[in-house]
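Student: Work out the full structure, taking the sequences as your base and the hints as a guide.
Residue numbers (our numbering), protein chains in the order written: chain B, 527 to 892; chain P, 74 to 468.
Calculated from the structure, these hints are not laboratory results.
Every residue gets a Cβ at the ideal spot worked out from N, C-alpha and C, and that includes glycine.
One thing to keep in mind: the hints can contain errors.
One side only, chain P facing chain B, incomplete, derived with CB under 8 angstroms [stated by the list, open to error]:
no. : residue
1   : Phe99
2   : Gln100
3   : Met122
4   : Val195
5   : Leu200
6   : Glu204
7   : Leu211
8   : Phe216
9   : Leu410
10  : Val420
11  : Met424
12  : Met442
What the simulated footprint calls covered on chain P by chain B, stretch by stretch (three residues with Cβ under 8 angstroms from a Cβ of chain B suffice, anywhere in the stretch; the number is not a length) [said to hold, decoys possible]:
no. : segment
13  : 103-115
14  : 258-266
15  : 402-409
16  : 427-435
Chain P is faced by these chain B residues, among others (derived, beta-carbon under 8 angstroms) [what the hints assert, rightly or not]:
no. : residue
17  : Leu567
18  : Ile717
19  : Tyr861
20  : Ala865
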Amino acid sequence: MAAHQPAPDQPAPVSERGVIGWLRENLFSSWFNGLITLVTLYFIASLLIPLIDWALIKAVFSGEGPESCTPGGACWVFVQERLGFFIYGTYPDPLLWRPNLVFLLFAIAVVPQFLPISGGLRKWLAIYGVTLFPVAAYFLLAGGSFGLESVPTTRWGGLLLTLVLAYVGIIAALPIGVVLALGRRSEMPIIRGICVIFIEFWRAVPLITILFMASVMLPLFLPPGVTFDKLMRALVGITLFQAAYMAEVVRGGLQAIPKGQYEAAEALGLGYWRRMRLIILPQALKIVIPGIANTVISLFKDTTLVLIIGLFDLLGAVKSTLSDPAWDNVMAEGYLFVAFCFWVFCFGMSRYSHRLEKQLETGHRN
Amino acid sequence: MNSNDLPTRPGRPKPWNDPRVRSVAFQILAALAVGWVGYSLFQNTIANMESRGISTGFDFLDSTAGFGIIMSLIEYDESMTYGRTFLVGLVNTLLVSGLGILLATVVGFIVGIARLSTNWLVARVALAYIEIFRNIPLLLQIFFWYFAVLGALPGPRQAVNVGDLAFMSNRGIMLPAPVFGPGSGWMGIALIAALVGVFFLARWARRRQAATGQIFPVLPIALVVIPGLPLIAYLATGMPVTWDIPEMGGFNFRGGIQAIPELGALLLALTLYTASFIAEIVRSGITSVSGGQTEAAAALGLPARRILRLVVIPQALRVIIPPLTSQYLNLTKNSSLAVAIGYPDLVNVFMGTTLNQTGRAVEIVAMTMAVYLFISLAISLLMNIYNRAVALKER
Numbered sequence: 527m528a529a530h531q532p533a534p535d536q537p538a539p540v541s542e543r544g545v546i547g548w549l550r551e552n553l554f555s556s557w558f559n560g561l562i563t564l565v566t567l568y569f570i571a572s573l574l575i576p577l578i579d580w581a582l583i584k585a586v587f588s589g590e591g592p593e594s595c596t597p598g599g600a601c602w603v604f605v606q607e608r609l610g611f612f613i614y615g616t617y618p619d620p621l622l623w624r625p626n627l628v629f630l631l632f633a634i635a636v637v638p639q640f641l642p643i644s645g646g647l648r649k650w651l652a653i654y655g656v657t658l659f660p661v662a663a664y665f666l667l668a669g670g671s672f673g674l675e676s677v678p679t680t681r682w683g684g685l686l687l688t689l690v691l692a693y694v695g696i697i698a699a700l701p702i703g704v705v706l707a708l709g710r711r712s713e714m715p716i717i718r719g720i721c722v723i724f725i726e727f728w729r730a731v732p733l734i735t736i737l738f739m740a741s742v743m744l745p746l747f748l749p750p751g752v753t754f755d756k757l758m759r760a761l762v763g764i765t766l767f768q769a770a771y772m773a774e775v776v777r778g779g780l781q782a783i784p785k786g787q788y789e790a791a792e793a794l795g796l797g798y799w800r801r802m803r804l805i806i807l808p809q810a811l812k813i814v815i816p817g818i819a820n821t822v823i824s825l826f827k828d829t830t831l832v833l834i835i836g837l838f839d840l841l842g843a844v845k846s847t848l849s850d851p852a853w854d855n856v857m858a859e860g861y862l863f864v865a866f867c868f869w870v871f872c873f874g875m876s877r878y879s880h881r882l883e884k885q886l887e888t889g890h891r892n
Numbered sequence: 074m075n076s077n078d079l080p081t082r083p084g085r086p087k088p089w090n091d092p093r094v095r096s097v098a099f100q101i102l103a104a105l106a107v108g109w110v111g112y113s114l115f116q117n118t119i120a121n122m123e124s125r126g127i128s129t130g131f132d133f134l135d136s137t138a139g140f141g142i143i144m145s146l147i148e149y150d151e152s153m154t155y156g157r158t159f160l161v162g163l164v165n166t167l168l169v170s171g172l173g174i175l176l177a178t179v180v181g182f183i184v185g186i187a188r189l190s191t192n193w194l195v196a197r198v199a200l201a202y203i204e205i206f207r208n209i210p211l212l213l214q215i216f217f218w219y220f221a222v223l224g225a226l227p228g229p230r231q232a233v234n235v236g237d238l239a240f241m242s243n244r245g246i247m248l249p250a251p252v253f254g255p256g257s258g259w260m261g262i263a264l265i266a267a268l269v270g271v272f273f274l275a276r277w278a279r280r281r282q283a284a285t286g287q288i289f290p291v292l293p294i295a296l297v298v299i300p301g302l303p304l305i306a307y308l309a310t311g312m313p314v315t316w317d318i319p320e321m322g323g324f325n326f327r328g329g330i331q332a333i334p335e336l337g338a339l340l341l342a343l344t345l346y347t348a349s350f351i352a353e354i355v356r357s358g359i360t361s362v363s364g365g366q367t368e369a370a371a372a373l374g375l376p377a378r379r380i381l382r383l384v385v386i387p388q389a390l391r392v393i394i395p396p397l398t399s400q401y402l403n404l405t406k407n408s409s410l411a412v413a414i415g416y417p418d419l420v421n422v423f424m425g426t427t428l429n430q431t432g433r434a435v436e437i438v439a440m441t442m443a444v445y446l447f448i449s450l451a452i453s454l455l456m457n458i459y460n461r462a463v464a465l466k467e468r
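Tutor: So this is what it looks like as structure tokens:
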């Protein structure tokens with residue numbers, strides 16, 4: 527007796543698989559969804575087509591001076607011609623190799639963090655990035671020693687200044703924030719009180735008022751004869767401001783660690799700092815990586831505020847060239863260029879934090 | 074039995090090893106250090122101000138300001154005092170923050186929900202919006218809207234005309250203004266009566282549902298009554314509200330509500346920037362409600378809309394509200410970027426012009442910071458009270 531042979535399975539209907547199936551499921555699952563899809567498509571098209579037309583198709587990318595631009599298209603010649611000013615500000619031309627070298631040293635520290643190379647090397651490069659690199663960068667940029675010509679900070683500008691502000695701010699704000707967070711969780715009432723007042727004060731006022739205070743009132747607070755340059759004042763303001771936010775982020779992590787971990791660390795007989803350094807902080811900081819990344823990104827964006835107290839960061843440099851009468855209307859191009867630069871950095875940092883979060887994920891759920 | 078075998082109490086540790094002594098000593102040192110820093114700052118400030126001949130005190134608040142402000146909701150002119158400029162700036166700050174919070178919440182919730190849409194395209198557009206707007210500095214966005222968009226609008230004579238009612242030009246946005254004639258007070262009374270009525274109806278409906286299980290359709294009735302009663306009052310009193318439509322006269326528009334471009338640009342930038350953060354907060358709040366909750370509610374036989382209203386939203390709000398409040402605070406603080414484009418907010422008017430004219434840096438900076446400090450602390454306090462009320466009550 528022959529066994530029953532079932533007929534071979536029929537393939538799913540055409541409307542349920544492939545491109546059509548995907549479209550049906552994701553865009554046209556009901557008449558209402560279909561309508562929304564069409565309306566959205568219409569809006570995207572009416573927004574993107576003129577934008578692409580203006581920014582890419584009709585645009586002029588290279589040429590000489592404002593005359594080479596055509597009406598109706600973006601004039602990227604403007605950005606191309608002023609690129610040096612946008613990147614270095616008014617840093618003296620013959621000395622440009624110094625910021626370039628700093629950019630290279632910076633890239634050596636940062637780029638490998640994104641590459642699939644051994645963790646040990648990455649760790650050492652990261653340590654170099656927060657210790658040796660800032661020192662070397664300072665001597666290279668400021669000069670005045672080792673036979674390098676001195677360049678006052680008033681001549682630093684553009685992207686260079688933005689990166690200096692952001693980098694120093696980030697590597698200073700994190701440790702200060704950690705110490706403040708530990709202080710706020712301390713069992714000593716006076717220490718706790720000082721930290722709470724400090725954190726709540728900085729978090730409550732806008733950064734602008736702090737920068738104003740730093741530029742108007744700091745000279746009043748200091749003994750006569752002691753002066754800070756403008757860059758230093760802005761740096762102190764931005765760093766302390768973001769350190770307070772960082773402290774709150776870290777505190778969230780400290781609170782999320784179960785009590786048993788604190789008690790176990792104490793039972794091992796470790797002192798306070800070793801308990802924190804070896805047991806609590808590694809776990810707490812890992813939990814709050816997204817929060818730390820957000821704070822770092824907002825610090826990066828906040829560096830633009832220094833233009834209000836008269837420093838020419840990337841935004842300030844571009845804004846100051848926009849009033850040049852030789853170029854009649856390049857505002858949109860200028861601002862879009864700055865927006866693109868900031869977007870690349872901020873988006874890159876947020877992607878990196880996602881990756882770091884996944885890498886450090888150990889599967890422990892408290 | 075040898076006395077050596079008895080367990081002996083450990084002797085007190087040496088003072089420098091005793092945690093209690095160390096903690097007290099450390100705190101005293103910290104307090105002394107902070108006190109010393111504070112004292113020397115104070116001394117330096119006094120000495121510096123004396124050597125520069127800067128006078129102190131709040132008497133300047135009563136002297137005449139003598140400068141104009143381009144926008145003021147309260148009565149102001151050049152002959153008024155510096156104290157008045159403080160109020161004008163404060164009101165302008167509160168105006169732009171209030172409007173910004175309202176708009177950012179609406180846009181943020183829409184985008185946050187769109188981000189979770191099953192429609193692939195809508196979800197992607199929402200994602201693109203969020204990733205673009207939150208990764209670009211707010212100051213840059215303000216400049217972009219103010220200089221590149223609103224500044225590029227045509228002059229008043231060629232203003233963009235929206236149905237002969239509203240106009241957009243590089244001088245600002247002109248909207249029709251309602252003019253409340255005599256008798257329009259009845260409309261306000263009718264509105265209040267409708268709100269009170271709906272409130273009591275809702276309370277009665279809730280009690281009835283608790284007692285009998287029957288549901289009373291409050292929402293449709295409210296949607297009819299709340300606009301309906303004022304409308305009846307409007308018609309009954311002979312249509313007392315007329316519209317003052319902006320008209321071209323001379324070189325600029327006259328009449329209507331005139332919103333200066335600074336306000337428009339600031340509001341637009343604050344709204345779009347903050348909304349991108351609110352959208353992410355809303356999304357994470359909704360996804361934080363576990364699927365089991367929705368399924369359990371469906372198993373009870375609740376229809377989809379009631380599941381959303383009674384089960385998902387209350388639990389999502391518990392996650393959404395605290396970060397949402399901090400976004401509101403951020404928006405309020407960020408409104409101080411107004412100074413960059415010249416919108417007359419508190420920082421621009423008081424900490425800018427008034428400070429430059431009077432030179433009373435310490436007093437003015439302290440007053441300005443105190444305002445923001447007060448707003449922040451007040452909202453944090455309310456937040457903590459709310460948090461305690463909605464926190465998960467575990468038994």
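Student: Sort out which numbered hints this structure fails and list those numbers smallest first.
Tutor: 5, 14
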